[in-house]
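So the sequences go chain by chain: B and Z. Note that UniProt numbering gives residue 93 to position 93 of the first sequence, counting from 1, and the numbers run on in steps of one. Note that UniProt numbering gives residue 35 to position 35 of the second sequence, counting from 1, and the numbers run on in steps of one.
Be aware that one or more of the hints could be misleading.
Identical chains share a label here; the pair holds if one copy fits it or two copies do between them.
Claimed, not checked - Taking lysine-lysine and the DSS-like style, the derived pairs with C-alpha atoms no more than 25 Å apart in a straight line are:
{"hint": "1", "residue 1": "Lys362", "residue 2": "Lys107"}
{"hint": "2", "residue 1": "Lys77", "residue 2": "Lys56"}
{"hint": "3", "residue 1": "Lys326", "residue 2": "Lys221"}
{"hint": "4", "residue 1": "Lys229", "residue 2": "Lys107"}
{"hint": "5", "residue 1": "Lys2", "residue 2": "Lys362"}
{"hint": "6", "residue 1": "Lys326", "residue 2": "Lys117"}
{"hint": "7", "residue 1": "Lys163", "residue 2": "Lys229"}
{"hint": "8", "residue 1": "Lys171", "residue 2": "Lys99"}
{"hint": "9", "residue 1": "Lys146", "residue 2": "Lys229"}
{"hint": "10", "residue 1": "Lys99", "residue 2": "Lys378"}
{"hint": "11", "residue 1": "Lys106", "residue 2": "Lys332"}
{"hint": "12", "residue 1": "Lys2", "residue 2": "Lys77"}
{"hint": "13", "residue 1": "Lys89", "residue 2": "Lys107"}
{"hint": "14", "residue 1": "Lys106", "residue 2": "Lys362"}
{"hint": "15", "residue 1": "Lys146", "residue 2": "Lys56"}
{"hint": "16", "residue 1": "Lys229", "residue 2": "Lys326"}
{"hint": "17", "residue 1": "Lys362", "residue 2": "Lys127"}
{"hint": "18", "residue 1": "Lys221", "residue 2": "Lys77"}
Derived from the structure by calculation, the hints contain no laboratory data.
2 protein chains.
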Amino acid sequence: MKTATIITIGDEILSGNTVDTNSNFIAQQLKDIGIKVRYIFTISDEVEEIVQCLQKAVEASDLIITTGGLGPTKDDKTKQAYARFFKDKISFSEELYHKLGAYLYKKGRSELLALNKSQCEVLSTAKIFENSYGTAPCQLLERQGKLTFCLPGVPFEVKPLIKDQILPYLKQRWELHTIYTRIVSVVGLPESLLSNRIEDWELALPPHVSLSYLPVGSRVKLRLTATGKDRKELEEEVDQLLHPLRVLIGDNVIAWSEDAIENILASILWDRGLNISTVESCTSGQIARLLTSVPGSSRYYKGGIIPYLTHVKSQLLGISEDLIKKHSVVSKEVAVELARSCRDLFHTDIAISSTGVAGPDKGEDGKEVGTLYYAIAKGEEIRSFDLYLPGLERNDFVNMAVQKIIETLIVWLEEDNRTY
Amino acid sequence: MKTATIITIGDEILSGNTVDTNSNFIAQQLKDIGIKVRYIFTISDEVEEIVQCLQKAVEASDLIITTGGLGPTKDDKTKQAYARFFKDKISFSEELYHKLGAYLYKKGRSELLALNKSQCEVLSTAKIFENSYGTAPCQLLERQGKLTFCLPGVPFEVKPLIKDQILPYLKQRWELHTIYTRIVSVVGLPESLLSNRIEDWELALPPHVSLSYLPVGSRVKLRLTATGKDRKELEEEVDQLLHPLRVLIGDNVIAWSEDAIENILASILWDRGLNISTVESCTSGQIARLLTSVPGSSRYYKGGIIPYLTHVKSQLLGISEDLIKKHSVVSKEVAVELARSCRDLFHTDIAISSTGVAGPDKGEDGKEVGTLYYAIAKGEEIRSFDLYLPGLERNDFVNMAVQKIIETLIVWLEEDNRTY
Chain B
1 MKTATIITIG DEILSGNTVD TNSNFIAQQL KDIGIKVRYI FTISDEVEEI VQCLQKAVEA
61 SDLIITTGGL GPTKDDKTKQ AYARFFKDKI SFSEELYHKL GAYLYKKGRS ELLALNKSQC
121 EVLSTAKIFE NSYGTAPCQL LERQGKLTFC LPGVPFEVKP LIKDQILPYL KQRWELHTIY
181 TRIVSVVGLP ESLLSNRIED WELALPPHVS LSYLPVGSRV KLRLTATGKD RKELEEEVDQ
241 LLHPLRVLIG DNVIAWSEDA IENILASILW DRGLNISTVE SCTSGQIARL LTSVPGSSRY
301 YKGGIIPYLT HVKSQLLGIS EDLIKKHSVV SKEVAVELAR SCRDLFHTDI AISSTGVAGP
361 DKGEDGKEVG TLYYAIAKGE EIRSFDLYLP GLERNDFVNM AVQKIIETLI VWLEEDNRTY
Chain Z
1 MKTATIITIG DEILSGNTVD TNSNFIAQQL KDIGIKVRYI FTISDEVEEI VQCLQKAVEA
61 SDLIITTGGL GPTKDDKTKQ AYARFFKDKI SFSEELYHKL GAYLYKKGRS ELLALNKSQC
121 EVLSTAKIFE NSYGTAPCQL LERQGKLTFC LPGVPFEVKP LIKDQILPYL KQRWELHTIY
181 TRIVSVVGLP ESLLSNRIED WELALPPHVS LSYLPVGSRV KLRLTATGKD RKELEEEVDQ
241 LLHPLRVLIG DNVIAWSEDA IENILASILW DRGLNISTVE SCTSGQIARL LTSVPGSSRY
301 YKGGIIPYLT HVKSQLLGIS EDLIKKHSVV SKEVAVELAR SCRDLFHTDI AISSTGVAGP
361 DKGEDGKEVG TLYYAIAKGE EIRSFDLYLP GLERNDFVNM AVQKIIETLI VWLEEDNRTY
């Protein structure tokens with residue numbers, strides 16, 4: 001199987017200033033075409049470091065992809081490092097310069113600076129892949145059948161370069177194995193209990209199929225990875241292998257193939273023709289964001305309200321001020337009324353509400369940071385839930401709450417499915 | 001200066017299944033106490049790989065932090081690798097076992113499994129740091145003054161271990177340098193023009209102060225990193241160094257010290273006692289999420305509506321159906337009316353609206369994917385803007401749109417500041 005090393009070049013990642021999202025994207029894409037990523041390295045913008053890392057990467061893998069270090073400014077040293085490592089020289093490309101001029105003109109810039117000129121300097125033996133969303137081209141260097149791609153670091157330039165140019169090129173160059181991955185989502189069983197329950201099954205898996213446990217919030221994702229020639233055959237084989245799990249843990253599985261919680265919910269809503277709305281006091285739009293991140297979500301997501309002000313809760317959603325005074329905003333009672341009111345306002349089959357204390361300060365009524373109440377209205381029925389997740393940072397609390405809320409809804413919907 | 005290597009162990013990162021957020025968090029925290037991260041490595045769950053990587057890390061740095069590979073299931077090999085690398089043996093800790101029992105009991109589990117027992121096996125020479133949010137403890141191995149910390153991989157276990165236990169320990173053990181970082185946010189000047197404008201200033205920076213350019217959306221962040229003994233002295237020095245920039249690029253700077261766009265906006269709103277509301281048809285809650293991710297945001301953020309359904313736009317926000325029919329939902333006119341209506345509904349000083357086509361399909365009226373209209377109401381004045389960002393994936397489009405929208409508001413607010 002062909003293997004890859006991804007190298008991220010940039011002090012902004014090492015200093016924690018920027019989260020590296022490129023590597024994750026590239027790893028996913030490579031897996032899909034059957035290339036196994038062996039290493040992801042993040043190193044600093046220094047020629048010596050880059051050269052050493054290229055050395056290690058070329059020894060360890062068939063494909064090397066570097067991102068970063070191609071900007072027009074002084075902190076970028078990638079090109080010099082490539083020149084040294086590949087014993088190549090950097091030369092100015094008249095053709096790229098003309099193209100860059102046209103690109104910048106389209107963006108409203110008429111003058112080309114000396115700095116821009118430096119972006120048209122490429123390695124003399126490189127094959128050039130054009131970058132339609134930025135000023136630095138992608139370069140491919142090849143030695144002894146090993147391919148090294150030099151990409152810019154900006155994520156929205158990296159994505160189209162990988163998808164539209166590099167993947168098609170690799171598929172054409174190499175006869176690739178297929179890696180087929182299947183995620184099974186399990187709830188209500190902690191990792192250790194789950195592992196105990198399926199131990200015999202796990203030990204009997206064939207050698208070309210591997211299993212991982214990935215805990216996400218209160219869910220555990222079982223990931224099966226199968227390697228072979230034919231995708232369809234692998235798919236069928238994994239289907240067969242999963243069969244015994246239906247007996248062992250069937251009641252705890254909320255999805256046999258989807259991965260992200262929003263996709264699991266989306267496919268259920270879609271299948272059953274249900275629609276949904278949200279009112280998020282505590283999670284402040286995160287449920288809406290997740291639900292609408294799925295393409296085609298306008299078919300089931302109808303709208304939401306983020307009632308930060310108490311006054312909004314009463315005026316827009318008709319929650320009585322007495323109820324709020326009596327129980328406080330962060331309460332089961334208010335969660336229930338919010339869900340009911342949301343369902344009616346948006347005329348949806350389902351409505352979700354959240355209210356809680358994300359911190360860093362306690363709630364107005366003294367409720368602890370990490371307190372969450374949420375309710376789900378489904379048709380006439382409304383159920384309420386509470387959760388206490390102390391010790392988390394504000395955003396982690398919200399993200400975990402959202403995972404749990406959506407999971408609760410899925411479990412309820414699946415329950416219907418089992419009963420009828 | 002003390003240096004560190006962060007090692008992430010786990011096939012789920014290499015396969016692109018999970019985004020590694022631990023490394024970013026750890027890198028940030030280490031920088032704050034003056035430890036420079038030299039490398040971030042991501043490697044697979046294999047004993048040989050882990051041993052080799054520990055070797056390289058111990059050669060290159062004073063501090064090594066590994067995350068991942070301590071779960072109770074079979075895919076986790078970190079502990080064996082540590083035992084081999086440190087020539088140590090793994091032994092069962094009665095004390096940890098009792099504590100784990102109490103921890104799980106508190107979480108409602110009465111039975112301890114053999115698997116849980118394995119989590120109480122630690123290296124015999126390790127110093128143990130207790131994990132209050134999970135079942136795997138943190139272990140510290142020390143050889144020749146170099147410190148290697150073995151952490152679990154779950155982010156909400158990693159964060160408190162780092163902040164509450166490891167950082168205080170390191171500060172006490174080592175006399176650390178101070179690294180002071182300052183971010184200056186520049187808009188309206190592409191990286192190459194900016195670099196040209198400040199070239200002489202940049203070349204004159206003293207050797208212990210380094211400069212990086214980090215493009216984010218249409219903003220460029222200049223990051224100055226200064227290293228020395230005393231934080232206050234460094235701060236004053238950087239203040240001085242920034243002075244000439246006020247003349248060179250002052251009009252393009254939207255923040256002289258904040259980093260994230262939501263923090264820049266937050267501090268302006270806070271300073272001027274302004275409040276804000278949002279109506280997000282296209283960005284579906286992401287502006288609200290960003291604004292409320294800042295602690296204390298309830299002082300200025302009052303609420304929002306996500307009017308996915310056209311019917312919601314008319315009923316809740318009073319947008320006339322004729323207007324929508326005439327101009328279509330994705331139009332400048334609707335953006336303006338949404339902002340006006342939002343401002344009035346929430347009684348806020350400022351209201352932001354967005355409407356656009358995030359894809360993957362074109363808008364109902366045939367508008368292209370990547371089309372965005374947004375409007376900002378500030379007091380009586382309403383301004384509208386449009387943007388075309390083709391070729392982006394759905395979520396990238398939303399994230400970029402949100403950056404740009406908030407940036408536009410900041411520029412407007414700064415304009416007021418300059419004029420009066």
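Tested hints:
no.	hint	verdict
1	Lys362 / Lys107	between (49 Å within a copy, 23 Å between copies)
2	Lys77 / Lys56	both (18 Å within a copy, 23 Å between copies)
3	Lys326 / Lys221	neither (41 Å within a copy, 48 Å between copies)
4	Lys229 / Lys107	neither (45 Å within a copy, 45 Å between copies)
5	Lys2 / Lys362	neither (53 Å within a copy, 38 Å between copies)
6	Lys326 / Lys117	neither (69 Å within a copy, 47 Å between copies)
7	Lys163 / Lys229	within (22 Å within a copy, 47 Å between copies)
8	Lys171 / Lys99	neither (27 Å within a copy, 53 Å between copies)
9	Lys146 / Lys229	within (22 Å within a copy, 46 Å between copies)
10	Lys99 / Lys378	neither (57 Å within a copy, 42 Å between copies)
11	Lys106 / Lys332	between (56 Å within a copy, 23 Å between copies)
12	Lys2 / Lys77	between (28 Å within a copy, 24 Å between copies)
13	Lys89 / Lys107	neither (31 Å within a copy, 63 Å between copies)
14	Lys106 / Lys362	between (52 Å within a copy, 23 Å between copies)
15	Lys146 / Lys56	both (13 Å within a copy, 24 Å between copies)
16	Lys229 / Lys326	neither (65 Å within a copy, 55 Å between copies)
17	Lys362 / Lys127	neither (59 Å within a copy, 35 Å between copies)
18	Lys221 / Lys77	between (40 Å within a copy, 19 Å between copies)
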